[in-house]
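Residue numbers (the working numbering), protein chains in the order written: chain X, -6 to 459; chain C, 17 to 504.
If you are wondering where the hints come from, they were derived from the structure by calculation, not from laboratory data.
Nothing here was measured: the structure is a model prediction, and the numbers come from that model.
Don't take every hint at face value.
No farther apart than 20 Å at their CA atoms in a straight line, the calculated lysine to aspartate or glutamate pairs in the EDC-like style are these [unchecked claim]:
#1 C:Lys334 - C:Asp430
#2 C:Lys337 - C:Asp430
#3 X:Lys212 - X:Asp222
#4 X:Lys391 - C:Asp173
#5 X:Lys457 - C:Glu415
#6 C:Lys410 - C:Asp430
#7 X:Lys407 - C:Asp169
#8 X:Lys400 - C:Asp173
#9 C:Lys466 - X:Asp170
#10 C:Lys276 - C:Asp256
#11 X:Lys290 - X:Glu352
#12 X:Lys457 - C:Glu416
#13 C:Lys43 - C:Glu396
#14 X:Lys407 - C:Glu179
#15 X:Lys103 - X:Glu62
#16 X:Lys457 - C:Glu396
#17 X:Lys212 - X:Asp173
#18 X:Lys457 - C:Glu179
#19 X:Lys407 - C:Asp173
#20 X:Lys195 - X:Glu146
#21 X:Lys212 - X:Glu193
#22 C:Lys207 - C:Asp169
#23 X:Lys212 - X:Glu248
#24 C:Lys278 - C:Asp238
#25 C:Lys43 - X:Glu404
#26 X:Lys195 - X:Asp229
#27 X:Lys407 - X:Glu389
#28 C:Lys105 - C:Asp256
#29 X:Lys407 - C:Asp256
#30 X:Lys391 - C:Asp169
#31 C:Lys258 - C:Glu113
#32 C:Lys239 - C:Asp256
Label pairs and their calculated CB-CB ranges [as the list claims (entries may be wrong)]:
#33 C:Asp437 - X:Asp69: 27 to 37 Å
#34 C:Gly463 - X:Lys103: 31 to 41 Å
#35 C:Gly463 - X:Glu139: 25 to 35 Å
#36 C:Gly41 - X:Lys150: 50 to 60 Å
#37 C:Gly463 - X:Asp343: 52 to 62 Å
#38 X:Asp184 - C:Pro461: 43 to 53 Å
#39 X:Asp215 - C:Leu165: 54 to 64 Å
#40 C:Ala31 - X:Pro418: 29 to 39 Å
Cβ atoms here follow ideal geometry from the backbone N, Cα and C, with glycine treated the same way.
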Amino acid sequence: MDRREFIKHIGAVTVASSVVLSACQSNDNETPIAKNVIDGQGEMTYRTNPNTGDRVSLLGYGMMRLPVEEGGTLRDHPNSPIDQELVNQEIDYALEHGVNYIDTSPVYCKGMSEHATGIALARHPRNSYYIATKLSNFSPSTWSTEASKTMFENSLKELQTDYVDYLLLHSIGGESDEMDCMTMFNARYMDNGILDWLVEQKQAGRIRNLGFSFHGNPKLFDTMLQWHDEGRYHWDFVQIQMNYVDWNYAHVIEEENVNASYLYNELHRRGIPVVIMEPLLGGRLANQPDFIVKQMKEREPETPVARWAFRYAGTPEGILTVLSGMTYMEHLVQNVETYSPLRPITAEEDEFLMKVAEEFVELKTVPCTSCNYCMPCPYGLNIPVIFSYYNACITEGKMPAGNTEAKAYHEARKRFLIGYDRNVPSLRQANHCIGCNQCVSHCPQKIDIPTELHRIDDYVEQLKRM
Amino acid sequence: MLRKIRICLQIIMMALVTLLLLGIGFKVHLWAGWVAKIQFLPALLSVTGGMVFLSILLTFIFGRIYCSVICPLGIMQDFFSWLGGKAKKNRFSYAKENKVLRYGFLGVFILALIIGFAPLTTLFEPYSAYGRIVNSLFKPLYDLLNNWLAGMDASNDRYNFTEVQIWTRSVTTFMVALLTLLVLAVIAWRKGRLYCNTICPVGTTLSLCSRNSLFRVRFDKDKCKNCGMCEKNCKAQAIDFKNCTVDYSRCVVCGDCLDKCKFDALHYTAKKPAVASKPIDNERRAFLVGAAVAGASAAMAQTQMKVDGGLAVLEDKKAPKRQTPITPPGSISAKHMQKHCTACQLCVSSCPNNVLRPSTDLMKLMQPVMSFERGYCRPECTRCSQVCPAGAIKPISREEKTMQHVGHAVWVKDNCVVLTDGVSCGNCARHCPTGAIQMIDYEGPNGAVKVPAVDENKCIGCGACEHLCPARPFSAIYVEGNVTHHIS
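Only chain C is shown next, with the shape it has when bound in the complex (with noise of 0.2 Å):
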């Protein structure tokens, strides 16, 4: 029963979870959002506490359930776990606790998150560590089956999908996504919760208030035969048949040694039990994973490319160099900013405009950053503020938004066509949502022409004029990043 309650919960919560994180529209922010905020390190981070209270009330009641049923990177490795198992029967045995290595590396953690120190905090996040994987490796596929069915909606004047681009918005990223997921896969292929009990720094954590849980998985001596199919159906490693123990501090409260045991000498209850549970036997899991993956690479044989032409051949555009990187409003500052942001990519994923990707930036590494080839900050769209489960990116309104000077536009008089093609532009003033953008006279090389001048306490650094220039590849006007946020 536990176990089945588990693998409902799980298929639930990853569809969520998984959603959100692909970004699929359909207001999705607004019905699973809550699924993020509930996450231990972001919510840790985003100051609000209550969640991060909850979990660890949650866990000092039934155990480790958090890392069973809500982590995205635990429910990930219980799905390898469970391959491994298909291939290898009854593999596991119990292992020592490696005090050492949790303790030390929880230490080294906790250390880092207080210098901030993000590229050690972010890559051992889980929740953040699936984030990326989703972001990266599932999104793509998921974008061209969104644009399949734009295609179709396209056809049949439906208005459900909308095209988007599909885009790698950072080798970096991309490549520690797909690391961490192979890793992961393998050691819980053969390890199962491994990681879970070793390295993962929220596993830890909360281990530290299972070891004395009310409700755990207790032994009934009496009936035990000493089988040993509880110790080597759990993936945590924790169950020692012969002692009849378990370690508490590494079990995650799965549920399997209880439906392994045909004695019914294992119970998962408050006190020492003697009532009687009949064993449940759960085959189908899990095969939605399977089901999406394969309804993605059907869209991708489907999808075709579009064909410009005819038309002025367009040079992409380049990011500029940018002295300040620019960080979304409602950041407050690129060090705050860099002290909460768990580089979940919950925000690049859910950007309309295409403006947020991760940094490559060391220090920074993997936390978004905005930039505008592809789009600008649009002045209706508040999204990554609504999404950010770690207050990185602090929840403000439209017209908040519209007061966060994120930064400042700077001309570039050699890139500008005004000076270069001699043609009449504004297109920079034209867009400027705060109207910091006036055209003025100016003695060019031909003659008297309209430049553009920006008024630094107007730009809010919204991006537009940049993503707008007429200039290729680079804009002839750009953002520049503030240090900290202006409110005015």
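Chain X extracted, bound-state conformation (with noise of 0.2 Å):
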């Protein structure tokens, strides 16, 4: 409570000071005035699963990017173990807040997030939270019928239950080289029975929700729901990538990717439950550049970059849940509060966040969320470290620019050049790219690693020559 009466004391502080910086711009018509608010007064918003009742917290944990005990995640520290205590701490904080959806999968944190999610889980009541995990497909080691029934009895035996709430079919809609997306799905969930398989646990009550999360190729998503309009399946929700920039860009970032707006309203149309994922593009959204940062901040001085998008993402009638890869207790906290109620985004906010995601993917940055699908890459190269590095770079301004003969400018390469090989050891650098290709199919935004790596290898070489 203290801390709650601080912020409203600094709160009054700042409406005081915005109402005079307002004033002072009151000519400018197109500058809305600055409000004060503060999230987090009251309880979590809800939504009710139309097919089991469920009442789902709007926010949902997703155990993707759990915290290390070296610190950071594991792509900061790939070989250290999951830091459990604070995990534990995470998930009490959680539940206590009213969160209730946990999302996992057999294959994230490098396949221990469901054993730290069951550690954690365990602690609690099994019907204070619903589970989310899939039958991943990352590795065709796994697409057998027999590896398939294994992985999903050992989510079971990971996660300390019998029954999982919210089963989805991993990230569908990816293709390869060899396969398109339909092969590709047949061999994985069809051929295999395994897809009937899961019906079946479904029926003996061990599945409550089945479902799919989604990257990639629209034709298999129109698939899937043509084959849920015929009643040959049954969909009881579907996880989507969603947020302010996917809304209307998702098609001009990437080629081949589907506007999130075209994914939305096919599902909301069918009264299909949507849950988000990837509502702040793996943390990007929440990381904007000075110029981008001002506009929210003219708007609401308090409120954090980041509530923007996940404000954005709750609004949507029929959003069940919006799923959010929190590793440290702050984001926690902070996510606490946005859904606590939901402010619903205003036309107006829309229209704002609409003129925002242009002014982003103007920014040419590497759309690449650090999700690690690509990784291990076999020649050593850490992929999200070096897209991350770059794209910090640009939307924090330190890309070095103007005239190249100016000191400014020799200084920006020297950080530029000096940070690079801070954040990525000299062997694990874009110039070690052979273009093998392997990572392009694993990639969930359909990013042409190869290609943006040998840019950013380029740029590097024509800094380094200078």
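Combine the two chains into a complex, taking the hints into account.
This is the structure in structure tokens:
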């Protein structure tokens, strides 16, 4: 309570100052008047699943980016064990504050996520939360009937339960050089009869809701919904990537991707509950360039930048829950506040965010969300870290720019190159990418990874030669 | 007064030489590079002449001040001699000059220089001996300190220090440096400048000039009370107080005797003097070295290893067996390098890409060679050619550098990942700065693939292809040295 009161006081001061500020800018009609907003003053917003009547918290806990003992996530310390103590604390806090949807997968965190999730959740009554996990599809060695069944049974064991509330076919819609999306889907879920087996498990009560998560070719998405319409399979829910950038610009960023607006509308039209993933684009919408941050802060000085994205993702009707892979307690606290209760995005704000999205796309960052699905690269590169360093330099305005003779340019150049070495050991840098293309089919964002790496390498080489 | 000036100059010179040899960055080669270029033998070998003439002139006028304030190995020995003096006071006594050993060795040395027998010349050249000690023994400590500072910088978003790799470039050179340090420390501790006055070829050469130098330490026999303090404190063992004589071929003009004489009987003048000077007490000296060592060991305790993992494990690259070693651009040929290089390791310390390391080949012992396991000779870098004091690596511009064909790339089919892993690659071709590599169609065991082909005329031997080749531990493309560098 003390903290809240403190925030209120601060808020009052800020209101006063923002009134003064807005008075100064009153001749500028474009800039809305900054307003003082304090979120997190009420109860968590819940949405009802029409299939089972589940009351699901609008904030879902994604267990893909768990904290590790050496600090950060596995991306930062790939050999570190999960920080179970912190995971427990975070799960405790989440459940205590009304979060009840926990999403994991057999492949997350080098396969350690389900185990850690199971330990944390087993300390609470089973009926106080819903578990979502997946039948994953990363390695063809897991595609046989037996291996798939083992994967499901193992999930139950790791999660210390005898039923899963939400089971997803993991990340369907992918394709590779050898297989188109339909062939790959059939090979993974149909030819081995595993989808039918899952339906049986649902009838047996071991799965309460059956759905899929989708990235990639819309042909497959359409087929899945067609099956739903025909009554061949019933999808209790579908998980899609949605945020204020992907709403209209997914297709612009990567031609092969489909806009979230299409996916959402198709699902909502059919009354299928929608689970949102990547509401922050892997954190990138929380790390906006200064000129975007400024616009957001001019509207609501105290609202965290990330909150705009969460409010956006939670606003549409039919959204069951918005997943956030919260590594740190601070993320969790902030997100709980965002949805307690949700302050829906207004039409005017929606327009503002669409403008922000347009500016964000213009930055030409690499649309990587650091999901690490491309890793490990067989030739040793640390792909997500290369991209995130490059993106951070763009969004933070650290790219050398302007007159190449100027001192500022040389300073920025030096910082860029030293920072690159600090973030990525030289053996793991972009110049080691041989273009074998093995990563490409793993990328849910459909990034042409080798091309992007070569582009970054060329840029680094050009800077080095100056 | 003389002694005080000498110590000040020694500290300045020692600091500059050591910082330069440590390769501390901060453009040290620009503001301290000159201290290497005034060293006697490197200057002689660089055939620029001027510096050698100046050293000789200096000696004719002032005596062997070169040995006192310019030669880093001499300064280092003074440090150990000073420590020895702390342990046992007034420990020296006059010894006769060993002319046979002195001039005999000088003769051998000159002969070795003429026929180009590098192991002998490089081993006894004083500046280079010190260079190896710094490079092999002190640089790893400094690098630990540097990496610790770089870690601090990184966490504070500063960009002054950057992390470097710490690695032993040659075990042989390390052992030679360690042995040199130990032997000289013991000799200097007990016998002062014995090495400089019997073995050192530069010392012997300069002694020929200093015998009749204009300024020298002279006895005022009227004032001398034959107390012997001057002789007991002469680290060159050059003073014979009974006969009131000084052996000017061995006196390095340190000024210790002047300060020790309570009777004002010794003077450093151009002619017989009668001017009085007050003795000056100077107790503090060379604590800098001690402080630096303490700082370095503190840094060592705080340096942490970084861990990679969850990433593909990468095997370290191994150096291929090269028929002809590769010498850096500017060194003209293996022969030129062998004749001029004094193996001071300054280029090795300065190489920002971890390409240069001392050779283990007997005839080129400790002279630099290139290899590309940790980096390659980047087109924009000409650092080694800028720092070389001996003219072994001649100064070249960036443009000239990319025209020096120091070697040529050779494709090793059996290692190429295109054939072994069945993947498409071309990383060598993509990174060749001269466009010497093209990917051509090739009928592999599993169908048509693209493999690299080298245009020998365009290849300059920079090693980009070798370093960036994904094949491990041996690259599928490597550089074979050119005996003489081609220029196109």
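So which of the earlier hints does this model not fit?
-> 6, 21, 22, 29 and 38
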